[in-house]
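Peer 1: Given next are the chains, with one letter for each unit.
There are 2 protein chains.
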Amino acid sequence: MYPNWILQRANLTPNRIGLTFEGKRWTFEEIKEISFERAKQLAALGIEKGSRVAILGENDSNTIFVMYGCMHLQCEMVILNRKLSQSELAYQIDDAQVTNVLVNDNDLALIPENVNFLLFSEIENSGCEPIEISKEWTVDQTVSIMYTSGTTGFPKGVRQTVENHQSNALASVLNIGLSEKDVWLCAVPLFHISGFSILVRSLLYGNEVKLYRKFDSESIAKDIAYGRITHISLVAVMLERILHVLEQHEMKASPSFKLILAGGGPVPIDYLRRAEERGMKVLQTYGMTETSSQTATLPAEDALRKIGSAGKPLFFNQIKILGAEGPYQEGEICIRGPHVTPGYVGRFENKPSTEDGWLHTGDIGYLDEEGYLYVVDRRSDLIISGGENIYPAEVENVLMGHPAVKEAGVCGVEDATWGQVPVAFVVLKQAVSTDEIIDYCHVHLAKYKVPKQVHIVDSLPRNASNKLMRRKLKELLP
Amino acid sequence: MYPNWILQRANLTPNRIGLTFEGKRWTFEEIKEISFERAKQLAALGIEKGSRVAILGENDSNTIFVMYGCMHLQCEMVILNRKLSQSELAYQIDDAQVTNVLVNDNDLALIPENVNFLLFSEIENSGCEPIEISKEWTVDQTVSIMYTSGTTGFPKGVRQTVENHQSNALASVLNIGLSEKDVWLCAVPLFHISGFSILVRSLLYGNEVKLYRKFDSESIAKDIAYGRITHISLVAVMLERILHVLEQHEMKASPSFKLILAGGGPVPIDYLRRAEERGMKVLQTYGMTETSSQTATLPAEDALRKIGSAGKPLFFNQIKILGAEGPYQEGEICIRGPHVTPGYVGRFENKPSTEDGWLHTGDIGYLDEEGYLYVVDRRSDLIISGGENIYPAEVENVLMGHPAVKEAGVCGVEDATWGQVPVAFVVLKQAVSTDEIIDYCHVHLAKYKVPKQVHIVDSLPRNASNKLMRRKLKELLP
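Protein chains in written order, with our numbering: chain A, 26 to 503; chain B, 26 to 503.
Careful, some of the hints might be misleading.
As the list makes no split between identical chains, a pair holds if one copy fits it or if it spans any two.
Computed list of lysine-lysine pairs in BS3-like fashion (alpha-carbon distance at most 27 Å, straight line) [claimed, not checked]: (1) K454 with K247; (2) K331 with K160; (3) K206 with K306; (4) K239 with K431.
Worth flagging that the hints you see were computed from the coordinates, not collected in a lab.
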């Protein structure tokens, strides 16, 4: 049994600031009070303790309070990605069999048809049902469910339990340290594990979260320079924009600024050097939805000595390279530890997430002689675009749904701004314009997943067993 | 499953200093190498994986390496108190049914007769058996066993598991923060949980332990003033001596000094004020063997606002006052959390340590309206003398073993140096001098438990059901 994080944090440090957002601030006691109210309102609206609900909301304090209300009710929260298309959202809502979707009023237009939903305003204006809120949570209780795709192209709903989140946050603190004055800036989406884990850490650590509705490089650069924050989670493209502002204004990070946690793919060396010049430590991390955030993190002191490495596993975690007999041998990266998901919901409910306790990531990497991890190739030819994961198989499935498309292959190509962007190659069975194909994709896919170019080809590169060789697709580029 | 702490720490930060002692220093990699060697030597000498062994050694690096060797072998270590008499040690060694006692050569004279033992020098000079050292430990594996007495006067061997130690260390870090530059001075005995928990924290946090063989107020005051350490665990009597030195030399703590963790009974207000003048934060803590160290700790910021309080529970812990319906109502302090022992070994093996998950401490206390714990009366009229626990029933049992003694009652009286010292009252059945009684106690009890005075009385204060009323004993003082 572990304590209800929100309640225990309020018990211990009621008067510390826990959250700031657009000029407003809340102590942990206030966060508890508001989230208690939300829990009671949700109960009054028929949300049952322990039920599964989905949440669709932008980075906003009201999204956090609804989430925390659900956590008091020990609901399994399916946290939906706001960038997805209606059909993608419909798939997840259906697959997870949620009783209700809790929707930020601003996001009303995003929800698919025929879905049972409650607007945040309805919840906030509802009466309260007096319910007892549990002081304790069980270790294996599911807190959140996030969807991620794999080799099949079908998104899988990943369970993230109390133990998963908590052990990750604790392992992280053993790596990066802690002070009660820490302030963690959150401009990454709360619907990604990178954002949600900032909330978890705040509840466990008792530190302030400075929440941004949207990424704003000007304002964030000032936060860093003026000593308003100590920590920030970023992806490479955001780091570059912040660097640009700091360089433009000839500003440096305040001495009280501690670190950047950089996830969602490798950070270019040039950014690391520029960050160092601006007085900022960058900790590159290797994490994923299935591990409730970080598995390995490169300490800042090694950032330039071990360029390209994702560091060592955090304290409770182990990493092995499948089949490797020594350092520098490449193989599939396998992960073990209390932060690894126990499994999936929906159609993959019976698919085990681990073998002998090891999560097989599908990513290819190696360890050097000191045990530092290098990720060579992301799973299933994963494309990482501005920190968002794009699975080629998922995009290919959509392309092949078009009546004119016979075969499709998708790969990532380098992009100065986004790191990578997706590009498609199609074999047609009847004539169609590439614009029409792109329009079709816009209906079925989140915008960031839509191929930036579609190339019509005669055939796709396949191996002897007729399997698509995505890495050879680039050679087809005109 | 959790990682082998010693191994994982060496994997993560091999080159950081983990231990300094009398001018020598060891990195975590060196600590791992030496402790691996000890494990292999112990195996060569017949110590089996998972067996139960006792350890008797002073605060010395070699004691730590033997302990860590045992931990690699996943042995259950009965950590013996060096201050005990031979008969007290014999009781524990017999009760725990250990296969062997591992003894520091300096402590050879302390071990009882007819006990199977291995000297540290024998271990260090032994050959090695090649054995596989487990990378993982199970959550409920017993790391250490420490004896503590209760109402019956019979010491009970308390199991302290991986989960107990680990959750305590993690909850502590959420309370006091962490920096990789932390150095924790250990001058409290390693055979007490106050000392052993410093080792556990060091392995989890990756911080240096500065070990002292003996408490040395002059040298420690300089460590504090010159910025050589950041943390120290103390009992009140040690704090007073350090304060005395600092005051004498008109020295203050270095700005890099962080905190004193003060356990083993309340710290007098005067000491708190003087510590503040010397620039030192004092965090008073309430802990015990059964909770693998801290249960509640008073943050320094509340030290003077909440004088006399032991603070709030640490993050994973809960405290309730049995029978209390609101703040300020006194009752038995009950504790719940992953740091609470699962039970005992030996003759108390079948005695449950908790009821519905709650440890009933026997201590009396109350919570104020903000949830701060105040300990009013220690369990079983516990006497705390210089940080050592003395259970009156245990001393009374020994007194009544003397042929001339019919009845005995023991209580604590105030003492300027030690906080409290034990005093005995006896009813005789035949004539005997008080000196003879004291000599008799010296044979059977650790020195600190021997009554400083023995008073011969006609009868002892008893209640209607003939139960000894120890609190009334003081009224019999001449």
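Peer 1: Which of the numbered hints above does this structure break?
Peer 2: 1, 4
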